[in-house]
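**Student:** Protein chains in written order, with my numbering: chain W, 842 to 1113; chain S, 87 to 369.
Just so you know, these hints were derived from the structure itself, not from any lab.
Warning: the hint list may mix true and false statements.
[Said to hold, decoys possible] DMTMM-like cross-link-like pairs, simulated, lysine to aspartate or glutamate; straight-line CA separation at most 20 Å:
#1 S:K342 <-> W:D964
#2 W:K1096 <-> S:D361
#3 S:K342 <-> W:D1068
#4 W:K897 <-> W:D964
#5 S:K342 <-> S:D279
#6 W:K897 <-> W:E937
#7 W:K942 <-> W:D1058
#8 W:K1112 <-> W:D1068
#9 W:K869 <-> W:E933
#10 S:K342 <-> W:E916
#11 W:K1096 <-> S:D284
#12 S:K315 <-> S:D255
#13 W:K1096 <-> W:D1068
#14 S:K315 <-> S:D256
#15 S:K342 <-> W:E985
#16 W:K925 <-> W:D964
#17 S:K342 <-> S:D113
#18 S:K342 <-> W:E910
#19 W:K897 <-> W:E966
#20 W:K1096 <-> S:E111
#21 W:K938 <-> W:E871
#22 S:K189 <-> W:D1088
#23 W:K1096 <-> S:D115
#24 S:K189 <-> S:E302
#25 W:K988 <-> W:E910
#26 W:K869 <-> W:E920
#27 S:K133 <-> S:D363
#28 W:K869 <-> W:E918
#29 W:K897 <-> W:E933
#30 W:K925 <-> W:D1068
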Amino acid sequence: MNQYVHLLASSGLSLPTDVWYPSTENVKPEVSDQVAIGTSYLIGDNLLVTWEGWYKWLRNQVDFIDGAELFGNDELEGELTIGKGYAFSPLELEIEKKEGKLTGWIGYTLAWARRGDFPVINDGEYFPPRFDTRHNLSIVALWELSKRWQITATWVYTSGYVSWLPSGRYTLQDVPGGQTQPLVPVYGDRNTYRYPPYMRADLGIVWKWWGKHTQNDLTLSVYNVTDRRNPYFIYIDYDSIVTPVGDAPTRIFAKQVSLFPILPSLTWNFKF
Amino acid sequence: MKTNILTHIAPFAILVFVACNLSREVDIDLPEYDSQPVVECYLEPGKPFRLLLTRSFGFFDPFGVDSNFFQNVLLQDAVVTISYNGQTDTLYNTFSFDASPLKVYNYTGLNLVPAAPGINYNLHIELPGNAGAIEGQTVMLPLVPIDSTVVQFSPDADTVARVLTYVTDDPNTENYYRRLLNYYSLDSVPEQDFLTPDRFLSTPLLAFGTGYELGEGDTVYNTIFHITKDYYDYYESVQLAIIGNINPFAQPSPIKSNVSGSGNPLGVFTCLVYDRDTTVVMR
């Protein structure tokens, strides 16, 4: 399989920044080869169990070099480097109930992804890319209470994606005339920090009614019913005091920004 | 009726209120980090051999800005030597400083750094407590002098001026420069601080400038460092690491030290060859 447009994700901790970059003379299309094996089994009349395992080889993987400038850069191609990768999953499992008052499915994936052989990243060593999520679990249920009433429920869990955090810091005094830098981050191997997992539960209640020429349903749904504050991005901040040579940090801390809290909504659908 | 509406709205209002505040402080578990020795050694011609040896810390470790600050940060009791021209100088574990601009050192030698270009220097540090050794090499580059500094008042508003600085680059060698521009005093935060290689030049003339932002009587300190490639790589990596930590449009970068050894050090060992021009803006 070939891919001609590349999604480039920065590894930094702050706001996730992705760039779509086309293939060019120097940036070849990404190529993957995959082998997969799977099986399905029907238990009784309406319980379907599906299992699949796969392995994927990746070539011409594109990533940013260390210190790349992403924004407003006319020479972005000079910030890219080419390597390889692989990904595999020994377990992609789905159990689906197709009929009855209660229907739905449970899906679980256990997978790994790695990239490496980049000449200027990690000394060529392999590392997890940003979207290497180890576990992915989703549960969807639909319960028909009656012809008019229906309850829906969804629960998703995904391992956090990875990011590149500094592990240490030091103070740079600098040359005469230069500015002392009290906080120089020390970065180790790329992408060694894993965000907290993403979890979300949604609930919905559907009420249906029929008019003379219409079909209606009113849905009250609550997105993220547990109001879990899943991290969208994390940034670093610090407290400081004023000294004769400038601001001196006294404490460094991380702050998390979430995107969606609990979100109720009311929807009316109708056909006529 | 009004009361019934409020009764129905209130739960949603409370829900929205609780759902706000989407930013909060969090604990982050980082991999364990072993403190590394940090070397900052800039050899300035005509000045004593001096070196600052400190420690690095875990990223979220407290700063400890108290009476133990220097004791915690400075790495003492190391054995520091610098070899050059067939001789070896010892830098003693003594505290010294320059008052202006304020710079401190915890290892100082007795001799002065020779001003002759082309001399190779070798640094060797034995860390205390059998914590390993640090090695570094550098060379004294020739001075690249500032040819001239020109003050130009704005043709549109003759109360503001800019300063232009001209340097002649040697097109036969690969050169790297660092430009520092300070207003009023060398202790001030630099107005300009950037690195530049000479590979982008189409002529030997290198020009640096300011905007029309200076008034009559302002003092400008113009420093052009002629630096080695490894110092260029080091300082560029420091800038990129700082920027990558806070800017979502920049990729982080590891530090590219030019010191190495079993002590697993960070830092830089280099010669500071520079020309500095002090200009008072006058008509």
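**Student:** Does each hint hold? Answer for all of them.
**Tutor:** Against the structure, the hints come out as follows:
no.: 1; hint: S:K342 <-> W:D964; verdict: holds (13 Å)
no.: 2; hint: W:K1096 <-> S:D361; verdict: violated (44 Å)
no.: 3; hint: S:K342 <-> W:D1068; verdict: violated (43 Å)
no.: 4; hint: W:K897 <-> W:D964; verdict: violated (23 Å)
no.: 5; hint: S:K342 <-> S:D279; verdict: holds (19 Å)
no.: 6; hint: W:K897 <-> W:E937; verdict: violated (26 Å)
no.: 7; hint: W:K942 <-> W:D1058; verdict: holds (18 Å)
no.: 8; hint: W:K1112 <-> W:D1068; verdict: violated (33 Å)
no.: 9; hint: W:K869 <-> W:E933; verdict: violated (30 Å)
no.: 10; hint: S:K342 <-> W:E916; verdict: violated (23 Å)
no.: 11; hint: W:K1096 <-> S:D284; verdict: violated (41 Å)
no.: 12; hint: S:K315 <-> S:D255; verdict: holds (15 Å)
no.: 13; hint: W:K1096 <-> W:D1068; verdict: holds (18 Å)
no.: 14; hint: S:K315 <-> S:D256; verdict: holds (15 Å)
no.: 15; hint: S:K342 <-> W:E985; verdict: violated (63 Å)
no.: 16; hint: W:K925 <-> W:D964; verdict: holds (14 Å)
no.: 17; hint: S:K342 <-> S:D113; verdict: violated (29 Å)
no.: 18; hint: S:K342 <-> W:E910; verdict: holds (18 Å)
no.: 19; hint: W:K897 <-> W:E966; verdict: holds (18 Å)
no.: 20; hint: W:K1096 <-> S:E111; verdict: holds (4 Å)
no.: 21; hint: W:K938 <-> W:E871; verdict: violated (38 Å)
no.: 22; hint: S:K189 <-> W:D1088; verdict: holds (16 Å)
no.: 23; hint: W:K1096 <-> S:D115; verdict: holds (13 Å)
no.: 24; hint: S:K189 <-> S:E302; verdict: violated (30 Å)
no.: 25; hint: W:K988 <-> W:E910; verdict: violated (58 Å)
no.: 26; hint: W:K869 <-> W:E920; verdict: holds (15 Å)
no.: 27; hint: S:K133 <-> S:D363; verdict: holds (19 Å)
no.: 28; hint: W:K869 <-> W:E918; verdict: holds (12 Å)
no.: 29; hint: W:K897 <-> W:E933; verdict: holds (14 Å)
no.: 30; hint: W:K925 <-> W:D1068; verdict: violated (39 Å)
In this structure, the earlier hints numbered 2, 3, 4, 6, 8, 9, 10, 11, 15, 17, 21, 24, 25 and 30 are contradicted, and the remaining ones agree with it.
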